[in-house]
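Peer 1: The lines below spell out each chain.
2 protein chains.
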Amino acid sequence: MAAAPTSDSPPLDAQRSEQIETALRRWAQFDANCPAQLGEAIRYSLLAPGKRLRPHLVLLAAEACGGAAAVEQALPAAVAVEMIHAYSLVHDDLPAMDDDDLRRGRPTCHKQFDEATAILVGDALLTRAFEVLATGIQPGERAARCCALLAKAAGPEALVGGQADDLAAEFRHIGLERLQSIHRRKTGALFRASLELGAVAADGSAEQRQALVLFGEKLGHAFQIVDDLLDVSGNEANVGKRIGKDRHRGKVTYPSLLGVEPSRRRAAELIEEACQAIDSFGAAAQPLRELAEFVGRRSR
Amino acid sequence: MAAAPTSDSPPLDAQRSEQIETALRRWAQFDANCPAQLGEAIRYSLLAPGKRLRPHLVLLAAEACGGAAAVEQALPAAVAVEMIHAYSLVHDDLPAMDDDDLRRGRPTCHKQFDEATAILVGDALLTRAFEVLATGIQPGERAARCCALLAKAAGPEALVGGQADDLAAEFRHIGLERLQSIHRRKTGALFRASLELGAVAADGSAEQRQALVLFGEKLGHAFQIVDDLLDVSGNEANVGKRIGKDRHRGKVTYPSLLGVEPSRRRAAELIEEACQAIDSFGAAAQPLRELAEFVGRRSR
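Read top to bottom, the protein sequences are chains A and U.
Per our numbering, residue 9 is the first one in the first sequence, and the count goes up by one each step.
Per our numbering, residue 9 is the first one in the second sequence, and the count goes up by one each step.
Chain copies aren't distinguished; within one or between two, either way the pair holds.
Straight line, CA to CA, 25 Å or less: simulated DMTMM-like cross-link-like pairs of lysine to aspartate or glutamate:
#1 Lys259 <-> Asp122
#2 Lys119 <-> Asp106
#3 Lys59 <-> Glu80
#4 Lys119 <-> Glu178
#5 Lys119 <-> Asp107
#6 Lys119 <-> Asp108
#7 Lys59 <-> Asp106
#8 Lys119 <-> Asp235
#9 Lys59 <-> Glu29
#10 Lys259 <-> Glu225
#11 Lys59 <-> Glu26
#12 Lys259 <-> Asp106
Keep in mind the hints are simulated off the structure, nothing from the lab.
Let's have the full structure, built from the sequences with the hints guiding it.
Peer 2: The structure is reproduced here in structure tokens:
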């Protein structure tokens with residue numbers, strides 16, 4: 009199944025990755041009522057090369073709860089989280105927001121197309137995510153639960169609120185608690201939702217769901233610390249976006265608050281706690297543990 | 009129930025209007041994870057004075073299918089369509105889009121706050137609409153159907169696609185077919201969805217749903233013709249937005265393509281066809297007919 013992990017390649021099953029790409033491509037096809045250029049811009053943003061970490065998390069959570077059979081059931085949820093992730097990047101990159109021109113190693117959507125198109129691409133991806141969930145997850149009652157939890161994670165009390173506070177924090181000193189609160193909403197909520205969506209789509213038990221949610225929270229937190237560390241010490245070719253932009257923008261980060269080494273230690277602790285949270289799954293959660301450990305290794 | 013209609017006041021039940029406002033206010037409250045200014049900007053945009061035509065349509069459709077008891081069941085759908093409508097106005101008004109500074113007689117969201125906030129307000133309202141549907145409509149299977157149909161109506165094959173084509177049509181001559189295609193997606197789809205949401209939330213029969221959908225399509229089409237006519241002959245105080253902006257922006261409209269009088273006749277025909285579509289409901293659909301006739305009267 010998974011290739012032997014090295015420090016550079018994530019331990020993601022290649023066949024699973026292909027399954028995700030196929031599903032993303034399928035859901036990024038539109039009928040003639042979608043203007044051709046809009047469809048192209050949606051696909052440009054959604055299908056840009058990426059690790060698809062969140063979709064993999066959805067499917068691995070489903071597999072941990074319900075085995076291989078549950079993976080197919082959860083596929084629409086994997087597509088939906090990637091759509092939410094892609095939309096949030098397109099809107100965050102806009103001139104009025106983070107004003108970025110490079111993303112995943114390519115021009116950002118508003119650079120490649122124009123600003124109006126980028127706004128509409130984000131709106132389209134956000135809307136489409138709920139269409140995919142509502143029509144793709146079965147039975148309907150489970151689809152509604154998935155829509156509710158994804159909307160909560162993507163809404164003003166989580167993703168959107170985190171982005172608003174993140175913008176407000178530019179060039180201002182904030183403490184660790186505030187920084188964590190921003191990250192919990194801006195990054196953590198979608199990690200957490202990815203795991204929970206997998207559990208709900210696979211009809212996992214309440215205990216399984218809670219364990220996976222805790223794993224997602226710890227992993228999301230670690231991921232953000234690692235992201236901050238990479239902004240200090242990574243290189244653009246590997247990271248696929250501008251390096252040093254946090255400092256350039258006067259942003260408080262984990263390394264700037266805690267120092268580099270303590271940040272690395274904190275990330276390692278969180279990865280360990282994440283893995284402990286899913287102890288009870290035994291071997292069924294081994295791929296999730298390997299993925300968490302990969303996230304941890306990226307900080308070194 | 010409804011006040012005697014005059015040419016200026018819509019035949020909307022005042023108690024029903026209050027029920028809608030209360031529900032909108034309730035769903036526009038957020039926990040402490042939503043930044044205060046973002047919450048304020050969301051409420052500024054969602055709770056701005058308005059007729060709430062679409063929410064009324066949802067509730068009247070539900071009532072036509074299931075009587076007074078169905079109105080309460082459909083209330084979350086009424087909130088959700090108004091959130092989609094409000095989000096689309098906030099994003100359409102942005103400088104990169106229609107660049108408007110007046111809306112419903114007040115500064116647009118990006119004028120009152122700033123551009124980043126307006127982008128996030130739109131994202132938040134769009135997301136919240138699905139949270140309201142997914143958690144508010146019961147049972148879950150029905151909620152999923154509502155999410156699916158609203159997402160379709162708001163997505164790239166309808167609302168978002170219509171807006172993209174509308175922007176592309178500025179300062180270009182387009183024919184009647186193209187104009188209708190834009191309006192069907194940009195305005196018509198949400199009217200249609202409002203009626204269908206009411207029917208689905210009230211568990212109406214397939215025949216009831218189809219009749220209401222047809223009513224919604226005809227009414228939406230008439231509404232857009234009337235909107236074009238008001239842009240020629242209305243006044244800002246009554247219409248609550250800039251007048252003459254279509255011409256200013258080099259936009260093809262129904263009056264510019266067909267002339268004023270033929271446009272008025274076309275709107276009147278559509279209103280008549282809309283009312284015929286719901287003939288089978290008898291007295292249960294009388295308030296819907298009165299609302300349609302009010303829309304028709306506005307063009308004179």
